[in-house]
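Now for the letters of each chain:
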Amino acid sequence: MTIAIRAEHLSKKYRIGAAQQKFQYGMLRDVLTDTFTAPVRWAKSLAHRSDNPQLPAQKNFIWALNDVSFDLEEGQVLGIVGRNGAGKSTLLKVLSRVTEPTIGTVSVRGRVGSLLEVGTGFHPELTGRENIFLNGAVLGMKRAEIDRKFDEIVDFSEVGQFIDTPVKRYSSGMYLRLAFAVAAHLEPEILVVDEVLAVGDAEFQRKCLGKMGDVAQQGRTVLFVSHNMSAILRLTHEAIVLKKGQLIKRAPTQEAVDFYLSSGQAETGERLWGAEDIPAMSAPFKPIALRVKDRSGKVVDTVRSTEPVTIEWEYQLDAPVTGLRVGMYLNTMRAEYVFTAFDTDDAKQFEQFGARQAGHYFSRCTIPADFFNEGRYSLGVNASSFAVRRYFMDDNALSFNVDITGAPGTQWPEVRQGPVRPRLNWEIEKVD
Amino acid sequence: MAFQTVSHEPTTVYIKPSKGLAALHLRDLWTYRELVFFMIWRDIKVRYKQTMLGAAWAIIQPVMTMLVFNFIFNGVAKVSSDGVPYPIFSYTALLPWGLFVAALNNASRSLTSNSNMVTKIYFPRLVLPVASVLSGLVDFAISFVILILLMFYYKVTPSWNVLWALPLFLLLAIVAALGVALWLSAINVKYRDVNYALPFLTQFWLFATPVAYSASVISPKWRLLYSLNPMAGVVNGFRWALLGSGSGPDAALWVSVGISLLVLVSGLFYFRGMEKTFADTI
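Here the protein sequences line up with chains A and B, keeping their order.
Here the first sequence is numbered in my numbering, starting from 1 and rising by one per residue.
Here the second sequence is numbered in my numbering, starting from 1 and rising by one per residue.
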């Protein structure tokens, strides 16, 4: 058999610290001081570099990939599992040559295409037709190849009659369908699918998976990243488990998934923050855990839309804080906000809890039944004092699935648009 | 294994950390020439979208500048224009100068404004600044039409030299612009200071280039130093080729050519060296 991908001792070092913490505080004062001290810090860093090259480096870097080696034969479908930050996306980025490894080598046989770059290079002012050619060229297709597949792409995208309209006039659904259609017709030797980053509604994600299945059946090599274990089990023969940048297991999918789930690092409806995950500048606020709970109080990864859901954030205050509000953003996987809410939004609550003593706290809220639509949602958290300081923020702290069995309208097997699926009180009146 | 005929044998790519001076891999750029073409085409298609005057801006900008220069430097300051009517004298210089400035402005932002492409897919990053520089040629061609009209109006007939000299001087302008653009675009990925410094840079550069005045006012002992500015060579060359003013190619021109090539080659190496960090720092 021919080897499609051979990775040897692949490691990738990322800089953390200064660059990421820079805009943790949104305050003008901080931005100003930051701006004026920038030249000083720059001079200092130069001085540092000359007298001690090792020390600051140790502190400001993390290894997103650490000595990862594996071979993948042509025609294999490999699943990649691991929790957020385990290095899955970094691995795919190195394989698709977006970023260079720090150490190690990979040889890749054939063109790598990915379904996470849909719409890259699209320009809103250009028409659908023009964007197909542009996007195709960006993805590495030859003009003749695009010409040949053009009709097929338009059919697949279902935007036929708007093909000569600028894409800025498209609905977001049409835009995604067109973008996906181009990416899906690239026909690479190696297909990379990062479902974690995949945008789009449930139907769109199904389309992605369907396309992936087709590609695998044609005997091409596929790398598939997902948090969805049933999709991994269904679509891959073999999987690798990544943990903190290291490859800790490679086995037939069933065995790898069992290992992953039992090793306690799976996405379980709970996010725990260790000391190393909390930036020093969030003190005195210290997040401990964020949990999604069902009606019976069990921590779950999948909730039912017909039941209320409780979101619970556990944290520690090491010193008294005034004006505190602790809250969350709810996002769809398409990164659209559904809502933002804080525990002291209510004026009375703010009077009582705006100033909080040091101590161990829970902030809990319940999202009523018949709120969510089908799909995966992501929770961001934020603890701040309005216009004073932002203590802690994580845009993507935890994600969970929603199952819509029994929700309104499920007697029709169709996809309902929109992030919410309320049960409305319809009145039907016959007037004549 | 049975012998099979395949339409194309997949090529194997070796991905490894680059060390020291990165190889230029200009062949990569050639492989992606269609992308260069499409990026130029996109730039041009989009440039004057949702403007009322559209591509007329390519003419209005140099013509207005020429009128202002004519008023200040010819009308008020009475600057010598080597016996050529001042409007055509300055307009001839404004053409390559406009190309140069537009190239720097567009190319220095080319990586940052396409950051979604840079962070998501592989392609030779050189495509972006190269396409931005080349897309300026369309505006150049449009504004060149006005020059031809001016030449008819002032009854200026170029010598046969124009046929070989003009393309070569245009090439020199592009080489100079691309060299500087490569440096600026790569620096801009990490230090957005470039966006703020660039307006000053181009303003000072304009004064150091004989656009509004004639290079003949520079005393001979400073000539060589002055020609370290490649745009001085370009502008003088344009005037010589089109209007017959000045002395034509001399030693100073070779200094300009040498500097342009030096900036281009060093820019290519610098860009290639920084390229590997683009996706992480942009």
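Read the hints as simulated data drawn from the structure, not as lab findings.
Among the hints, a few may not be true.
Unchecked claim - Output of the computed footprint for chain A on chain B, the stretches with three or more beta carbons under 8 Å from beta carbons of chain A:
(1) 10-16
(2) 40-49
(3) 121-129
Unchecked claim - Straight line, CA to CA, 25 Å or less: simulated DSS-like cross-link-like pairs of lysine-lysine:
(4) 13(A) <-> 78(B)
(5) 249(A) <-> 149(A)
(6) 13(A) <-> 211(A)
(7) 149(A) <-> 244(A)
(8) 120(B) <-> 221(B)
(9) 155(B) <-> 16(B)
(10) 168(A) <-> 49(B)
(11) 142(A) <-> 211(A)
(12) 78(B) <-> 142(A)
(13) 244(A) <-> 45(B)
(14) 16(B) <-> 243(A)
(15) 276(B) <-> 13(A)
(16) 13(A) <-> 16(B)
(17) 249(A) <-> 190(B)
(18) 149(A) <-> 276(B)
(19) 13(A) <-> 207(A)
(20) 298(A) <-> 13(A)
(21) 16(B) <-> 120(B)
(22) 168(A) <-> 45(B)
Beta carbons are placed, not taken as given, at the ideal position from N, Cα and C, and that holds for glycine.
Notebook entry, point to check: Honestly, which of those hints from before does the structure not fit?
Noted result: Checked against the structure, the hints that fail are numbers 4, 5, 6, 7, 8, 9, 12, 13, 17, 18, 19, 20, while the rest are satisfied.
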